[in-house]
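**Student:** Top to bottom, those sequences are chains A and B. Be aware that the first sequence starts at 1, since it is given in the working numbering, and climbs by one per residue. Be aware that the second sequence starts at 309, since it is given in the working numbering, and climbs by one per residue.
Calculated from the structure, these hints are not laboratory results. Please note: incorrect hints may appear among the correct ones.
[As the list claims (entries may be wrong)] Ranges of calculated distance between the beta carbons of each label pair, as one might list FRET restraints:
1) B:K393 with A:A87: 53 to 59 Å
2) A:M1 with B:L317: 45 to 51 Å
3) B:A326 with A:L267: 42 to 48 Å
4) A:G162 with B:N328: 32 to 38 Å
5) A:E297 with B:Q352: 23 to 29 Å
6) A:G121 with B:L324: 27 to 33 Å
The beta carbon of each residue, even a glycine, is placed where N, CA and C say it ideally should be.
Okay, here's what each chain looks like letter by letter:
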Amino acid sequence: MVKLKDLAQMEDRLVAGHGMCLGCGIPLIFKVVLRATEDPLVIANATGCLEVCTTIFPRTAWNVTWIHSAFENAASTIAGVEAMYNALKRKGKIPKDKTIKFLGTGGDGGTYDIGLQALSGTMERGHDVVYLCYDNNAYANTGGQRSSATPLGASATTSPAGTHSPGKLQWRKDLTKILTAHNIPYVAQASPSRWQDLYNKAKKAFEVEGPAFLNVLCMCPTEWKYDESKGVELAKIATDTCVWPLYEVENGKYKLNYKPKEKKPILEWIKPQGRFRHLFKEENAWVLEEFQKKVDEEWEELNRLASI
Amino acid sequence: MKKETWKELTIGTINLEAGNSVKNLTGTWRSGHKPEFIEEHCIQCFFCWLYCPHFAILVEDGEVKGINYDYCTGCGMCAEECPSKEKSIVMVKEEVKLAEGGTE
């Protein structure tokens with residue numbers, strides 16, 4: 001089992017001086033994931049918080065080869081790099097035994113919504129790449145518009161809560177399920193609050209032959225509106241309430257990686273976050289009920305799938 | 309810092325200097341609170357290192373040695389997640405605000 005002490009002494013592939021917010025979850029995810037492989041790495045980054053904050057021209061916070069092309073095509077970009085690498089290997093321009101790893105990444109805006117088509121294509125064509133989505137539940141980089149990952153009842157700038165609306169009206173899209181339906185070798189959901197689990201999943205994703213997908217919950221103090229020092233705690237609560245279950249699907253086989261001893265009510269997840277504040281008004285009580293019901297249903301379904 | 313103009317910058321917005329963001333000292337926009345490291349309480353669990361978004365925990369010879377205030381933004385996650393019996397990192401109010409625009 002890997003120790004934090006050893007990870008801390010590895011070289012940083014993402015370095016200090018980036019412009020991400022106080023208490024941002026993104027660097028916590030990448031600190032662990034980028035250490036899960038020692039091979040050279042190429043990263044294609046969709047437009048989003050990570051891309052903007054790490055590459056404020058003329059600076060870069062990356063110590064690895066890194067490409068940004070557009071919002072919608074990080075997955076296609078990394079697929080292209082992988083195809084080129086294979087071609088160069090065939091032509092003998094890269095030694096046959098040299099291994100390079102490829103990572104495509106984007107936020108929920110760039111993955112659930114805008115980049116979904118490119119991602120689906122890359123996965124379907126079977127490129128040997130890893131795609132990581134850091135899901136912070138909103139278009140946090142452009143002012144907090146709703147995305148298809150924004151939870152029910154959350155107030156976002158394009159689904160504002162007010163006298164006529166309880167915030168976002170729709171249940172979130174289950175992207176992990178969509179990726180599972182691509183029948184790729186490895187799909188997993190993780191959280192930065194459980195670094196060992198995240199590390200193991202990233203390692204598996206890099207090592208597996210063929211496409212792999214990681215969906216990682218990413219706390220966002222700016223858009224979720226909570227005390228930024230409580231971010232890790234909040235990510236823990238997400239797994240304890242089963243709002244964000246930790247599981248993996250390896251060659252079609254489901255496995256739950258974390259079963260809370262006592263499943264907590266969703267209120268513990270909702271209460272600390274300002275984006276849900278209006279849900280405690282009498283007229284919005286149905287949203288909380290619906291939220292709990294949906295979480296329970298999904299958790300039950302997941303347990304059923306894991307028991308097959 | 310003197311900003312480069314189009315005459316000095318590489319054509320095609322290619323940046324050949326990997327990791328040069330370290331010149332950007334994010335500690336200049338600290339929250340008004342800063343963490344203080346109390347070495348004698350530290351159990352070397354590395355949680356502060358793990359949960360610091362701005363890579364501001366100093367690690368030397370395999371040990372947590374303190375905080376790099378050049379980058380610390382004062383979010384407080386290190387202090388919050390510190391599991392030692394008596395906290396090895398505590399947040400304290402910072403009276404003097406650092407100067408604006410801290411690059412190089």
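**Student:** Could you tell me which of the numbered hints above are not met by this structure, giving the numbers in increasing order?
**Tutor:** Failing hints, ascending: 4 and 5.
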